[in-house]
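Trainee: Each chain, letter by letter, is given below.
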Amino acid sequence: MGSTTTGGQPAYYIPQPSHWPITGSVALLLMGMGAAFWFNGVAAGPWMVGTGFVILLVMLFGWFGTVIGESEARLYSKRVDMSFRWSMSWFIFSEVMFFAAFFGALFYVRNLSVPDLGAGSVTGNTLWPGYASQWPTAGPYVAEKFTPMGAIGIPLLNTIILLTSGVTLTIAHHALKAGHRGSLAFWLFATVALGFTFLGFQIYEYMHAYSELNLKLSSGVYGSTFFMLTGFHGAHVTIGAIMLLVMLGRVLKGHFDAQHHFAFEAAAWYWHFVDVVWLLLFVLVYWL
Amino acid sequence: MSSIPHDHVAGHGHDAHDHRPSGIMRWVTTTNHKDIGTLYLWFSFTMFLVGGVMALTIRAELFQPGLQVVHPEFFNQLTSLHGLIMVFGAIMPAAVGFANWMIPLLIGAPDMAFARMNNWSFWLLPPAAILLITSLFVPGGSVSAGWTMYPPLTIEAGMGMDLVIFAVHIMGASSIMGSINIITTILNLRAPGMTLMKMPLFCWTWLITAYLLIAVMPVLAGAVTMLLTDRHFGTSFFNAAGGGDPVLFQHIFWFFGHPEVYIIILPAFGIISEILPVYSRKPLFGYASMVYAVAGIAILSFIVWAHHMFTVGMPTAGLLFYMYATMLIAVPTGVKVFNWLATMWKGSITFETPMLFALGFLFLFTMGGFTGLVCAIMPVDIQIHDTYYVVAHFHYVMVAGSLFAFFGGVYHWIPKWTGTMYSEKIGQWHFWLSLVFFNVAFFPQHFLGLAGMPRRIPDYATQFTDWNMVSSIGAFGFGLSQLVFLWAVIKCVRGDGEKAPAKPWEGATTLEWTLPSPVPYHTFETPPVVK
Amino acid sequence: MERTSKGIRGQRLAAATFAALSGLPGVALAAREWNLQTPVTEIARQQYELHTFIFWICVIIFVGVFGVMFYSLFKHRKSVGHQAEQFHENTVVEIVWTVVPFLILFFMAYPATKTILAMKDTTASELTIKVTGYQWKWNYDYLQDGFGYYSNLTTPLAQIENREPKGEHYLLEVDNPMVVPVDTKVRVLITAGDVLHAWWVPAFGVKQDAIPGFVRDSWFRAEKVGTFRGQCAELCGKEHGFMPVVVEVKSKEDYAKWAAEQKAKVASAAEDPSKVWDEKALAERGEKVFAANCAACHQATGKGVPGAFPALDGSKLVLGPTAAQIALVLNGKAGTAMASFKQLSNTDLASVITYTRNAWSNKTGQAIQPAEIQAARK
Ligand code: HEA
Ligand code: HEA
Ligand code: CUA
Ligand SMILES: [Cu+2]
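Heads up: the protein sequence lines correspond to chains S, X and C, in order. Here our numbering is used: position 137 in the first sequence is 137, and no number is missing along the way. Here our numbering is used: position 62 in the second sequence is 62, and no number is missing along the way. Here our numbering is used: position 91 in the third sequence is 91, and no number is missing along the way.
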């Protein structure tokens with residue numbers, strides 16, 4: 001074992017050589033190349049993506065399984081726990097910046113490019129006569145009409161669902177710290193259920209947009225930013241919900257105790273982050 | 001577990017418990033920061049050769065006017081891939097290689113905080129490289145719109161562009177994981193007594209670099225994701241007809257791209273700050289202000305990006321803001337330069353190869369910094385934007401800057417890594433040849449740019465012939481000189497040379513020199529105590 | 001000819017080699033082509049002077065800083081027995097070398113700001129020309145006078161492929177330069193039809209990206225009569241190096257004469273769209289239109305560039321129903337390099353389509369008439 005022992009307690013756990021990383025790399029190579037093929041009509045594309053994805057799943061199960069095993073074997077010292085905390089914080093920061101790119105795009109089109117394309121500017125007068133820039137817009141040249149997504153209705157409902165899920169998750173956390181495992185499992189389950197309900201509503205909303213509002217990815221910048229931001233968020237909710245589901249599984253298997261449950265906390269941090277992003281989305285995409 | 005035979009490293013108790021596969025599987029599955037550092041460095045050098053051969057093809061085509069070596073569309077692919085491969089494949093992995101090797105040794109940590117994830121950070125790079133190289137061979141060829149990938153050209157391009165987009169995604173993931181690892185290691189694994197303000201400066205520069213990486217790599221990923229959806233899923237982010245704007249991509253790209261250039265230079269600053277005190281036999285001058293200067297550069301780097309876009313037609317207020325902010329970066333960078341000079345001042349200086357490269361760095365990087373400042377003066381940039389002046393500027397800061405610093409770092413630490421001293425004679429040859437040919441290759445490009453030669457062209461008007469010939473000759477000379485480096489390194493790796501003592505450099509003070517050379521496979525399993 | 005060009009090349013090579021070996025390229029070669037071009041507008045002059053000013057400040061700092069360094073390297077060597085002192089801090093000098101550069105920057109920023117304000121002032125212009133970048137040519141549209149034209153590279157392929165000696169203005173020559181009057185404030189509205197380009201005339205100090213879908217403006221007032229040359233300065237695809245910008249500055253009288261001629265030409269060139277042409281006449285004319293507009297991508301051989309630009313020779317679309325081809329050429333195909341060519345006249349379009357249907361191995365024998373194009377226009 002590569003860990004250091006100072007007085008019997010491992011000071012820092014260094015894992016053994018592992019084949020999981022290279023497995024993941026092969027998976028991503030297949031998926032990247034496969035997707036490029038797929039988007040350009042090469043028949044092998046979807047198969048490569050599929051194979052890569054399966055390998056990725058195997059890798060995720062294997063890798064996380066190993067980590068869980070190590071954790072349950074109590075190989076992780078306080079210091080390792082601290083490492084996990086730092087890393088999760090920075091990971092969430094990187095996600096914040098990922099979203100920032102898309103929010104930045106939204107800001108830019110609403111405040112700079114769309115106004116510049118409209119009547120009154122040199123651009124508008126010379127190239128796009130008759131285009132009055134307003135928001136939402138499909139741009140000066142996309143002819144198809146669409147109805148923008150309103151804030152009241154499903155989006156508001158989804159806001160309430162997500163906010164509630166934040167509360168239920170916090171209750172679950174308190175239950176965990178207090179050692180009430182039944183209550184923990186219940187509230188965690190409620191959180192997961194709320195998360196998937198949110199997703200269900202979002203899928204419904206998308207179908208509604210496509211079939212009744214004629215609002216599509218191709219509906220100019222409004223459609224682009226709307227689906228990119230909400231879709232990217234939806235993907236994060238999915239990941240977060242899966243993380244919580246895994247935590248629920250572990251809770252049912254008897255993992256975690258009042259002191260030793262960082263995995264749970266990490267999933268919770270992630271969930272709250274997804275929550276906050278949704279609030280921004282609700283205000284900036286649906287409402288204003 | 002089975003007991004697999006492992007390397008010597010006699011007298012090291014823990015080795016008895018160490019299981020590591022042999023042969024290639026050792027490298028594929030390793031969780032050891034030294035192995036991973038070595039992998040990074042070799043990967044980087046390989047990519048440097050690939051990107052360098054592309055550069056030489058470019059220079060061969062530009063040796064004289066007319067089209068002779070490659071077709072224009074292939075020329076553009078070479079330029080674009082040369083930029084991408086050098087930046088993402090050569091320079092950044094080299095910096096991460098140094099981080100992996102040295103940070104745990106410098107702060108007295110047993111390894112990186114997440115040794116297994118560390119392996120993945122590295123092993124994501126070969127797939128990305130495979131995607132980049134494959135893109136050359138698919139119908140339509142690779143990205144041909146420059147390493148900056150501006151739409152609409154990249155919207156129209158063929159399948160190669162998608163491969164490049166996914167390569168960028170994967171390299172981004174690698175960088176983010178690597179950075180999280182580095183930050184966590186530095187914040188959490190320092191030996192007792194090693195306070196932040198006692199850390200060797202290299203750790204500081206990497207701490208801040210890693211922060212920059214985590215902040216901007218996702219933004220790049222976002223930018224290329226929008227390219228992807230514009231290409232295949234009908235979105236209009238970068239298309240005016242749908243209300244988007246091609247310039248939006250440039251803003252997002254440079255929000256990443258400008259911090260990126262400091263990601264390229266800050267680890268180099270760190271290495272220089274380790275080298276100069278050793279060969280001057282004098283402590284680093286102004287440690288605290290060095291730290292603040294690096295932090296200042298990092299913060300400023302977020303608000304200057306549009307200096308790459310002075311010709312897109314921004315409003316006056318924007319032009320002024322970005323010009324002033326950009327110029328301000330000269331202040332913290334100046335602080336660093338002056339501190340380095342003061343470090344040498346009244347020292348007891350010797351000129352081993354690492355020191356030579358550090359001095360070459362100082363001299364040429366500052367020159368590149370000054371030409372950067374000239375670019376920052378917006379009315380002047382109107383003339384030199386997208387000309388060879390800019391090409392000269394960035395090769396001064398990236399090749400004579402980062403690359404020279406990394407060469408210096410290799411010579412400085414290779415005795416520790418391999419246990420064998422490099423040949424001082426070969427090292428000196430490598431330095432002087434590189435120095436001379438570098439300038440022959442890139443100095444004339446300033447003239448070309450001023451006189452009006454645009455960049456990214458395979459053929460040029462006849463008045464640019466002379467300087468292009470000079471530049472091409474220099475480029476080939478510079479390329480060949482790198483074989484000398486390869487020779488020097490291989491000699492050390494094969495143990496062909498003097499045996500290195502634990503502390504080969506008289507002025508060395510940092511922790512790694514307290515360990516034997518070559519360094520044992522596992523180090524600092526019991527943390528040292530720093531007074 | 002052969003001999004001289006070889007001779008020159010030989011000389012150049014020798015000079016270049018010498019320069020490379022001497023390590024001081026600047027000394028070896030005549031001091032030509034190493035600075036900004038001679039300005040012919042007030043703005044370009046300010047840019048030139050600003051560059052000179054900044055350059056010298058940088059040189060002075062550089063010499064100062066590295067003077068210190070080399071002094072130290074020389075005096076504080078171990079080999080001359082210098083003992084290292086151990087100081088590592090001095091608040092006063094650290095403050096000084098933070099504040100002084102800041103002040104220097106201030107002196108640089110001040111004149112730069114003045115020039116920027118002048119550059120951005122496009123008001124009170126006397127002539128407005130719309131400049132549109134296409135792959136790979138420029139279009140100049142004299143908005144007030146109602147005429148416009150394309151400006152194509154004229155350097156023959158043989159020179160580019162080294163089969164003929166290169167001319168004096170190799171790669172910097174066009175068929176129809178932009179023409180402007182001297183001493184007149186000309187405002188240029190710059191845009192692009194397909195991808196990014198940048199319109200650049202060094203002597204005027206104007207470089208402005210051409211952005212598809214957006215118009216950006218700039219201006220210049222040329223002070224001298226003459227021909228001024230620049231190039232496209234934003235990567236725009238494979239012929240990016242082959243799209244020069246040439247501006248001819250004429251005296252005011254000459255300009256007026258020229259403008260009048262252009263207007264007259266427009267009037268006389270207005271073609272009768274209902275005229276019926278025969279296939280041969282169309283194909284002949286079409287060959288020229290093809291060479292000017294299409295051959296860059298689809299190649300003169302009609303074979304295209306595999307993977308990038310489809311072959312028209314043997315193309316199903318070209319050999320198929322006429323309406324589909326007319327629609328494609330007229331409207332382009334979104335998301336590909338195949339741009340709309342609706343800016344060409346009906347006759348030009350009819351002839352180029354006829355040409356593609358009868359050139360190479362394509363032998364449909366069909367003639368497409370201008371009226372059909374007119375009908376297909378929306
Ligand atoms: C290692 C990478 C690196 C570094 C460190 C820098 C450093 C700087 N760069 Fe550079 N730059 C690039 C890499 C880098 N750059 C690249 C790759 C491009 C082109 C990308 C592309 O288009 O493909 C580019 C392009 C680029 C442009 C755009 C040019 C154009 O396209 O038109 C500009 C404009 O402002 C610029 C400015 C600067 C400035 C002001 C600095 C400053 O940080 C420099 C500061 C240093 C000094 C000034 C010297 C030391 C200081 C003193 C000794 C103090 C005293 C000095 C004074 C008071 C003046 N750079
Ligand atoms: C850190 C990054 C980095 C590095 C190290 C380099 C290194 C070099 N670069 Fe690069 N360059 C960029 C980053 C870098 N470049 C970027 C970002 C661009 C912009 C791209 C764009 O416009 O999109 C660019 C663009 C660029 C251009 C402009 C192209 C154009 O506009 O069309 C040119 C032209 O001269 C050039 C030349 C060189 C040369 C000669 C080297 C040399 O230093 C390379 C030397 C190395 C070798 C040659 C390999 C090692 C040696 C061997 C393999 C031995 C065999 C050798 C022989 C047979 C001689 N580079
Ligand atoms: Cu047009 Cu470059
Ligand atoms: Cu920059």
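Fair warning: there could be bad hints in the mix.
No farther apart than 20 Å at their CA atoms in a straight line, the calculated lysine to aspartate or glutamate pairs in the EDC-like style are these [claimed, not checked]:
1) S/K78 / X/E525
2) C/K78 / X/D496
3) C/K333 / S/E70
4) S/K253 / S/E95
5) C/K120 / C/D217
6) C/K78 / X/E506
7) C/K75 / X/E424
8) C/K224 / C/E253
9) C/K130 / C/E94
10) C/K303 / X/E73
11) S/K216 / S/E70
12) C/K288 / C/D175
13) X/K346 / C/E89
14) X/K346 / C/E94
15) C/K78 / X/E424
16) C/K363 / C/E279
17) X/K198 / C/E253
18) X/K346 / C/D183
Quick list of simulated restraints, FRET-style, between CB atoms [unchecked claim]:
19) S/N125 / C/T301: 40 to 46 Å
20) C/A158 / X/K425: 50 to 56 Å
21) S/F107 / C/A158: 49 to 55 Å
22) C/K333 / S/F107: 27 to 33 Å
23) X/A317 / S/N125: 20 to 26 Å
24) S/D81 / X/P315: 47 to 53 Å
25) X/I490 / C/Y71: 36 to 42 Å
26) S/G120 / X/P126: 49 to 55 Å
Since the hints were made in silico from the structure, they are not lab data. Beta carbons: idealized from backbone N, C-alpha and C, even for Gly.
Trainee: Does the Cβ-Cβ separation between S/D81 and X/P315 fall within 47 to 53 Å?
Mentor: holds (51 Å)
Trainee: Please test the hint of 27 to 33 Å on the beta carbon pair from C/K333 and S/F107.
Mentor: holds (32 Å)
Trainee: Can you confirm whether the C-alpha distance between C/K333 and S/E70 stays at or below 20 Å?
Mentor: Distance ~57 Å between C/K333 and S/E70 Cα, so the pair is violated.
Trainee: Is C/K224 close enough to C/E253, meaning Cα to Cα at most 20 Å?
Mentor: holds (14 Å)
Trainee: The hint says 49 to 55 Å between S/G120 and X/P126; measuring C-beta to C-beta, is that right?
Mentor: Holds: the Cβ-Cβ distance is about 53 Å, inside 49 to 55 Å.
Trainee: Is the hinted pair C/K75 and X/E424 satisfied, with a Cα-Cα distance of at most 20 Å?
Mentor: violated (23 Å)
Trainee: Against the 20 Å threshold, does the CA-CA distance of S/K216 and S/E70 hold or violate the hint?
Mentor: violated (46 Å)
Trainee: Given the proposed pairing of C/K288 with C/D175, does the C-alpha separation stay at or below 20 Å?
Mentor: holds (14 Å)
Trainee: X/K346 and C/E89 were given as a pair; does the straight-line alpha-carbon distance stay at or below 20 Å?
Mentor: Roughly 13 Å between the alpha carbons, so the hint for X/K346 and C/E89 holds.
Trainee: Next pair to validate is X/K346 with C/E94; report whether the Cα-Cα distance is within 20 Å.
Mentor: holds (17 Å)
Trainee: Take a quick look at whether S/K253 and S/E95 sit within 20 Å of each other, Cα to Cα.
Mentor: violated (30 Å)
Trainee: Compare the distance between the alpha carbons of S/K78 and X/E525 with 20 Å, and conclude whether the hinted pair is satisfied.
Mentor: Holds - the C-alpha atoms of X/E525 and S/K78 are around 16 Å apart, at most 20 Å.
Against the hints set out earlier in the document, violations occur for numbers 2, 3, 4, 7, 9, 11, 17 and 18.
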